[in-house]
Amino acid sequence: MKNKQKALIGFALLSLVTLSCQPKTKEKGSMETETNKEMAYRLPDPKNFDKTHQDKKIELFILKNGPIQAAITNYGARMVGLLVPDKDGREVDVLTGYNNIDDYLKTESYFGCVVGRFGNRIAKGKFTLNGKTYTLATNNGVNHLHGGPEGFCKKVWDAKQIDSSSVEFSYLSKDMEEGYPGNLQVKVVYRLTADRGVEIAYSATTDKPTVLNLTNHNYWNLDGERDTSINDHLLQIFASKYTPVDSTLIPTGELASVEGTPFDFRKPTAIGDRVDADHDQIKYGKGYDHNFVLVPQKVAAGELPLIATVLGPNTGIKMEVLTAEPGIQFYGGNFLTGSQVGKSGQAYVFRSALCLETQHFPDSPNQPKFPTTTLNPGQTYSTRTVYRFPAQ
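The numbering of the sequence shown is our numbering, which starts it at 1 and goes up by one.
Any given hint could be a false lead.
[Claimed, not checked] In silico DSSO-like cross-links for lysine-lysine, where the CA-CA straight-line distance does not exceed 27 Å:
#1 LYS47 / LYS106
#2 LYS187 / LYS267
#3 LYS187 / LYS160
#4 LYS126 / LYS286
#5 LYS126 / LYS160
#6 LYS187 / LYS64
#7 LYS57 / LYS174
#8 LYS154 / LYS126
#9 LYS47 / LYS124
[Stated by the list, open to error] Just the calculated beta-carbon pair ranges, DEER-fashion:
#10 GLU303 / ASN334: 32 to 38 Å
#11 GLY316 / GLU259: 28 to 34 Å
#12 ASP232 / GLY141: 26 to 32 Å
#13 GLY253 / GLN185: 16 to 22 Å
#14 ASP232 / LYS160: 38 to 44 Å
#15 SER240 / ASP45: 20 to 26 Å
#16 ASP158 / THR128: 40 to 46 Å
#17 PRO377 / LEU306: 33 to 39 Å
#18 THR248 / ASN376: 26 to 32 Å
#19 LYS298 / ASP232: 32 to 38 Å
#20 ASN314 / GLY253: 16 to 22 Å
#21 LYS267 / THR128: 39 to 45 Å
#22 VAL295 / ASP55: 31 to 37 Å
#23 GLY141 / GLU254: 16 to 22 Å
If you are wondering where the hints come from, they were derived from the structure by calculation, not from laboratory data. Being a predicted model, the structure only gives us computed values, none of them experimental. By construction, the Cβ of each residue, glycine as well, lies at the ideal position given by its N, Cα and C atoms.
Go ahead and model the full structure; you've got the sequences and the hints to work with.
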């Protein structure tokens, strides 16, 4: 009997030791082994973009050059992700976007795409060219925005990967597509550069006079696309003037000084410092959604001037923007609502990402004092923008 009792006691002690060596179950609400921010960033799988749409094949292209990598799809000629090393050498995805093509197809979004024919707004969807008035779709209240409801963002472009660091997209926009005159042949080339940059080169020709204003609509958060605010980012824009807008965000035609206003970013300034200032222009845009008039700069032939910088304070990632365009639209993510859930499962909430769209000015076809956006037969539209991420 005593031997049996000793055996039972020994078994009980062994059970306690065994249980004590098992991993403890976390309480409800703390089941994750790593937080969302600690998870490694990865580019989407190209298999998730393998689909036929508009009788064309959608693909996702992965580009690499040195420490940066990009994922770019021919649906909307858009950037889906961009991995950049932070101050500690960890890869951070600094672009909003989705992990699969189905989310892009079902969700209204300009994330990362090439917008056209006309980036930004045209008042009341009308403009007159050579004495003829053209009527466009109105998809932003009473105005036309980013080429209309079926603009370039929703097109499947023809694609050709040039090499491991560059890809070319082309698209034929037919005469009167979305109300624009002329058969327009467009080409966009993305190239990762050796100095840690993303170069976007646009070119186009037309067989009838038309208007054209192409840009890229990347949404950036330099602390990572899981981060929920860009208000602590330090922004600098080399602009002494901006174009004030009316309540529908159409320029009034004035070139106003930034001096003494919330729009003075001539020195690096936290975006959130004055984003809720008591200022009519801030109220109209629910924050920043304005075109800045860039100060012309002298550079060597073939070089692009530096026109803006942004710094993510947590990662230490800095972005430099270079272009010869006359303007840049700074948009502070004021219309993000949290309804769009991105690559890491993070909802894109109010002011969680920003856009810096290099461009000609909004509503230029109706503003004779603004730089022209007219493209005629025999001319070639050509412009470049570089987003560069210098080493810390």
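Cross-check of the supplied hints:
no.	hint	result
1	LYS47 / LYS106	18 Å, holds
2	LYS187 / LYS267	35 Å, violated
3	LYS187 / LYS160	11 Å, holds
4	LYS126 / LYS286	25 Å, holds
5	LYS126 / LYS160	35 Å, violated
6	LYS187 / LYS64	21 Å, holds
7	LYS57 / LYS174	20 Å, holds
8	LYS154 / LYS126	22 Å, holds
9	LYS47 / LYS124	41 Å, violated
10	GLU303 / ASN334: 32 to 38 Å	34 Å, holds
11	GLY316 / GLU259: 28 to 34 Å	31 Å, holds
12	ASP232 / GLY141: 26 to 32 Å	31 Å, holds
13	GLY253 / GLN185: 16 to 22 Å	32 Å, violated
14	ASP232 / LYS160: 38 to 44 Å	40 Å, holds
15	SER240 / ASP45: 20 to 26 Å	46 Å, violated
16	ASP158 / THR128: 40 to 46 Å	32 Å, violated
17	PRO377 / LEU306: 33 to 39 Å	34 Å, holds
18	THR248 / ASN376: 26 to 32 Å	30 Å, holds
19	LYS298 / ASP232: 32 to 38 Å	33 Å, holds
20	ASN314 / GLY253: 16 to 22 Å	40 Å, violated
21	LYS267 / THR128: 39 to 45 Å	41 Å, holds
22	VAL295 / ASP55: 31 to 37 Å	46 Å, violated
23	GLY141 / GLU254: 16 to 22 Å	21 Å, holds
The structure shown violates the earlier hints numbered 2, 5, 9, 13, 15, 16, 20, 22.
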